[in-house]
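**Q** Just so you know, the protein sequences line up as chains A and B, in that order.
The C-terminal position of the first sequence is numbered 520 in the working numbering, with every residue numbered one higher than the one before it.
The C-terminal position of the second sequence is numbered 1023 in the working numbering, with every residue numbered one higher than the one before it.
For the record, the hints were derived by calculation from the structure and aren't laboratory data.
We put the CB at the ideal spot given by N, CA and C, even for glycine.
Accuracy of the hints is not assured; some may be wrong.
[Said to hold, decoys possible] Which chain B residues stay away from chain A? Per the calculated CB distances, all over 12 Å, these:
hint, residue
1, Gly121
2, Thr162
3, Ala614
4, Tyr666
5, Phe687
[To be verified] To be clear about the criterion: a stretch of chain A counts as covered by chain B if any three or more of its residues have a C-beta under 8 Å from a C-beta of chain B, and this derived list gives those stretches:
hint, region
6, 34-41
7, 52-58
8, 120-126
9, 180-193
10, 450-464
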Amino acid sequence: MKKSGSRFPARAGVRGTLTLLLILPIVAVLQACDLDENPVSVITPDNFYQNEQEIIGGLAASYSRLRGTMWTYFNLSEISSDEMVVPTRGQDWFDNGRWLEIHQQAWSANSPSGLDDINGAWNDNMGGVANTNIVLSALENVNVADQEIYIAELRALRAWYYYLLMDFFGGVPLATDPQVTPRPRTTRAELFNFIEEELLAARTVLPASWPPEMDGRMTSGACDAILASLYLNAEVWTGTVSTGGLQRGQARWQDAIDAADRVINSGVYSLEADWFSNFTPDNYLSSELIFVVKHLNQSGLGQSLPFRVLHYNQLDPTPWNGFSTIAETFNQFDPDDLRTDIFLVGQQVNLDTGEEVNDRQGNPLIFTPEIGAIVQASENEGVRILKYPPDPARFSDHNGNDYAYFRLAEMYLIKAEALNELGSTGAAIDILNMLRERVFDPDKPIDSAGLSQAAARDRILQERLFELTAEGKRRMDLIRHDKFTLEWQFKPQTDPYRILFPIPQTQLDTNPELVQNPGY
Amino acid sequence: MSMTRKAISVLIVCLAWAGSLAAQDQVGSITGRVVDAQTQQPIGNANVVIEGTLLGSVTTPSGTFVISQVPVGTYQVTANLIGYGPVTQEVTVTAGEAVSVNFSLPIQAVVMEELVTTGYGTQRRLAITGSVATVDAAEANVGVQSNVNDLLQGRVSGLNITRNSGEPGTGAQITIRGGTSLSASSEPLYIVDGVPIAQDIPTEANGIGIGGDPALPRSPLTLINPADIENITVLKDAAATAIYGSRAANGVILIETKQGAPGTVSFEYDGYVAISQPQSYLNLLNGAEYRDFVQAQVSAGNLDPSRLDGLGTANTDWERALTRTALTQNHDVSFAGGTQATRFRASVNYMDQEGIVQNNGFQRFQGRLNGTHTTLNDRLRLDLRLSTAQVNHDYLPFENLGGFEGGVFQNMAVYNPTFPVTITDPDTGEEKFFEIGTGRLSVRNPVAIAEQIEDVANTTRTLGTLKADLDVFSGLTATVSGSVDASRSNRRTFFPSASPVGAEWNGRAIQQDRDLTTLNLQTLLTYDGGVGLDHAFNVVGGYEVIDWTLRTFSAEARDFLTDAFSFSNLTAGVARPIIGSYEESALLVSVFGRANYSFKDRYFVTGVVRYDGASQFGAGNKWSLFPAVSASWRVSEEAFMADGPFSELRLRAGWGRQGNPAVTPYSSLITLEASDGASYPFGDQRFTGVAPNRNPNPDLKWEETEQWNVAIDFGFAGNRIAGTVEGYIKNTEDLLLEVPVAQPAAVPNRLENIGKIRNRGIEASLEALVINTPNVTWSAGLVFDMNRNEVVDLGGRTFLPLGVVSGQGQTGQNAQRLIPGETVGTFYGPEFIGVDAQGRQLFNQRDSDGNIIGETIQPTGDDFTVIGNANPDFSLGLTNRLSWGNFDGSMLLLSEIGQDVFNNTALVYSTKSNALQDKNFLRSAIDDPIGILEPAIFSDRWIENGSYLRLQNITIGYTFQLPSFVAGKMARVYAAADNLFLITGYDGYDPEVYTDAGLVTPGIDYLSYPRARTFTFGLRFEM
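So here's chain A without its partners, still in its complex pose (with noise of 0.2 Å):
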């Protein structure tokens, strides 16, 4: 008997076995060791944006954060102000309280509107400025022909996502490079001056206009029309808020007017003989938009502004049945003013047909301007607001009806409120009255005669929400004139420092040198 170890008698048929079977796999592993990743289906920053038309593959991307950015601060503006409110009707629509508590201006850091829609604004602007960061930097490091070009508009993009951030939360951290890190807030005032240099710079270089094929990039308008808009609410966003409210900064009223002028007299735009070709479908063509968001009435390239206030059986595919707008706001507007037929209201149609339509229990949809209760609202209760007809031809809610952020007819009420505001009230109701004419028939002028500054200041901010109503100016403008916290229908009177959207928690959970703004 052999000692426990020993050795087998070796045979040639083992060796060779036992060769095989440990060197092969030696080989397969020295092989495997190399864990480097080298994906197929998806591409890395080191090997894009390296010839024009890879940049421009980033400028459409950085472009297309227009889209998100352009609901969430249209609904935060609009129902968060007397232009609209989302009654919650039977099943429909209370979403965890969230519509509700944004037309209630009863948000927080932490509640249901405050973790989605305002954190959702936070993302989606702040997005916008890290797409255009990511291919600014790369263009740092490639020639390509218009260089220049492709950097001052991804300058004036960014500015732009700066300054609804600005209007939304003040100060927010200011990020000219692709880092992804905490970084602390500006001040109010130091975004605004951002956002001034950015807009001036850029303006030098842009086109005042693009051949149609590039429609929609931006433009020395757009930017002279942000800049206005800007030097217009300069008071507001270069001041500070305390939970006391606003201490007014500096007023810039006559650059506000240069910059204005700069865009009226560019000879670039005109305003449109019928007004509603701004917003059509093929207001693509209108001759007053200046800023806007492209849509195209394709699978995600779409806008469903449509969709969200018609109600079920008014559309296909079926629309939603949500925003309306508020009896008192409704009752404001003259019934000869044309522009009152954006309402829908009484007995209703199907939008394709025009055939009458009834609600889902079966009777004659009538749209009614009062609506009885926020919480149990019925369906067919609240007047409307269809600024954005639908499509005809759209791709289920996609349509292709561009959104105007700014056309020119805003450039001349952003101008009569700065002359009103230097003391030229009858320049500015005379501006207002040339607006107007092609909205009355016959013409309805406003009498400057004995209109006292503060009576006209109040005139224009009424012009404006005739105007203007569902374009998402009218938080900003409520806030400018000192009424955004003041009681309307369904809201209460509420707290000063409610002009800033508070950070969301999520925000301040991920960045520790945020600091929230007062009050929250």
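With chain A held as given, fit chain B onto it using these hints.
**A** Positioned in the frame of chain A, the structure of chain B alone reads:
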């Protein structure tokens, strides 16, 4: 026999065998008979082996055996069968002679001697220092079992299985000792015959969804036929699982398939037919009740009189219209046998399971060939395992989360019961499905959805392994194993234009291919040895490479002239908008080792180390080390315990660390993607945008779980009563979580290693042989689990919202939050306190400190608080096995006590306001005082106690020897009932709910596929 003596004899036999190899021409044989020591009845299927050799045999039903070609010498021969204690006798074989030896085996309830597969080798059960549980597949494979998960429920302590739904072939959520991950998979690692199976990636493409997220994919484990499984081993603690290192944090499930035994070829048929029906029904209004309700509301002035005109005259029970008595049939045929050198087992399986809802089910055709061959004087052993399965899925279009419009079940709940299922077309005279309108509709006839939408997938999955073991010298074995796990599937979906779902696109057809291939190579060196008589050790070292690739291709066409082509002719679609393809791959490279040392078979120590490298982690974090140590002490072998009450007493303790690498490839890289979302029009042209789709995280690494385990194994009365009590603490850190990043960032979130969770628990299992008489045996098993988990840290975040509430008017509502200090599965929302005079729901109003300051109809922010916990206080599984003469019976009871379930179904369907939209609702809403205009508001009103007791299975069988003129040995007929009763106070279908809503969100009941009650009749036949 004491263990020391046994170890010595094993050693002697080994040496004797080694010495005898030189003189093999001198052979004899051993014959004999094995009987039950108590009853003196013959024992069939017992293993008789010559220790230290590969020689052996299996007894016939009359208990006899023959082992031939035995080299001359003296041997230890052991007879063994699960359920009996092994008996070893010394036998001396002389040349040309047949030595006779008889065995009488004592019944033993708990078998401590058996060999247990522990990963890269086997160990004697008594030598295992970690936490390991085994399941006898034959015992568990009762009733309708479509996949391996079904065999485990209620049979292993610490293992929690929640089946996704009642859908045939459905997957399950399995956690061992609580989930250790929030975003990555919490599923255990499955190892089939030593080869890891990719099972957290579905083998078929995901569904499309028709108004919400599509139903969860079916289980990839359906490829394994439960009848092929010999046994299942569950490795629970770090000491046991660390050998699988980075993939083992969630535990490991080892599956061994059956192998042939030498001797005559045996043939076996096992088949059953089963009928299934829904276990329960929702309590919806019927047509008459609905008409009465509308009439009453009209009379009360709450509804307009014209509403009555909109009602139909039918009285349709949509639930019963949609469900059916379903038939399942399953047939297994196998034959096995071989010589001493070559053994095989071949089997085929056919299973056809109908769902209890119309028009869905699954079919499996599966074949397996297992073979072993021994050559080079028994020094080289080859082992081939090859199985291939074709699984044909016929899907039902239902939703995972419910959704706004929803699939079959959402429409079943709301479809007006006064409407008929079908009507006669006035123009053509043909019978057709009733719909409330034409074109695209948001409320659709649920029976029509089930019947009209076609959604099928065919998957072929092949799993092949070839393993070679070579004895290099005595005690040292080299092993190489290569395997491939390849699945190819094609999913085809068609939404016809005749359906309101497909009308939107005028017909929509999609085909999706998916290829999933995993290659695995393992090399092992195993050394068994000892020093003197007291020291024994076993060392395993090796490396492993796993290379995994996924490829997908899809094409879609819309706008068809006719529905006739279904999904089979995409070119017939006028609009062909979408073609997609994708590929990703990952690589895992590992080096590992394990050493066991035992002293006097009384003290055991095990150390394990594994070094893993995975491609999908950040550049500096691809490699990590996973160690474990454990020890056990057989106190009962000590002299001072000799007179104690214990027949077995063992203390065990272990510590170890494992990882969880379940992140998708390229997660650490910044990647750019061309997408619709990033595209933008200039002029009227779409410009394809390319944008980052994730933020880079070069620091991305494994989730790591550190686990402590202490245990007592005990046995009384000759181990007639035996059990284990274990306690554990699992701390998981560097949790992989998709968390918000500081802005600005192109993508709002990033996968980061952040946060910690802790699981602590006590689990116990007890087995008892309660009655053991010649005619009657009754054994019972009990498993008990108590797990407490806690979110320790979320990386500074105060909470993460999760658990989406699904349904109309619920956008943006979450049911749960992860909050440091609370458990995973914490429900968070407002507290319902009553209804006001106007029929509005009232909730507690709280200030920012959490004090109740009043009541509100519009709860928000501070009003939300912790309102429930989805984790059970404890859970129980009770098994009973009874044999009485030729009769046998078994029973499995499952219970979970103390968990809360959020009844999302009741929230969105217990509202009278559904009637404003002609929709049906649950009968319970009729009597509540809530107004018809009140919306559904999430609150603790919908958090219910989900405690339950379920009779999971009960089986009765009768076995008889076939008369001699029949060419067979024995037959068994049996009848079984699955899910015979469910005792619960829960109002929904079933409190056992699972939905994948992103992060771990236990205990949310979205309306899903109802569970079945099943009766099975089976026959087993051997010849």
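**Q** Count the residues of the region 450-464 of chain A with a beta-carbon closer than 8 Å to any beta-carbon of chain B: does the count reach three?
**A** Our answer is that it is violated, as 0 residues pass the Cβ test (under 8 Å) against chain B, missing three.
**Q** Is the Cβ of Phe687(B) farther than 12 Å from every Cβ of chain A?
**A** 4 Å, violated
**Q** Are 3 or more residues of the region 34-41 of chain A near chain B, judged by a Cβ distance of less than 8 Å?
**A** Our answer is that it holds, as 6 residues pass the Cβ test (under 8 Å) against chain B, meeting three.
**Q** Mind checking, does the region 52-58 of chain A have 3 or more residues with a CB under 8 Å from chain B?
**A** holds (count 4)
**Q** Just to make sure I understand the rule, a stretch counts as covered if three or more of its residues have a C-beta closer than 8 Å to a C-beta of the chain. Does the region 120-126 of chain A meet that for chain B?
**A** holds (count 3)
**Q** Would you check whether the claim that Thr162(B) is not at the interface survives, using Cβ distances to chain A and the 12 Å cut-off?
**A** About 27 Å separates Thr162(B) from the closest Cβ of chain A, which puts it past 12 Å; holds.
**Q** Are all C-beta atoms of chain A more than 12 Å from that of Gly121(B)?
**A** 17 Å, holds
**Q** Take a quick look at Tyr666(B) and tell me if its Cβ sits farther than 12 Å from every Cβ on chain A, holds or violated.
**A** 5 Å, violated
**Q** Ala614(B) clear of chain A by more than 12 Å, beta carbon to beta carbon?
**A** 7 Å, violated
**Q** Would you say the region 180-193 of chain A counts as covered by chain B, given the rule of at least 3 residues with C-beta under 8 Å?
**A** holds (count 4)
Violated hints, listed in ascending order, are 3, 4, 5, 10; each of the other numbered hints is respected by the structure.
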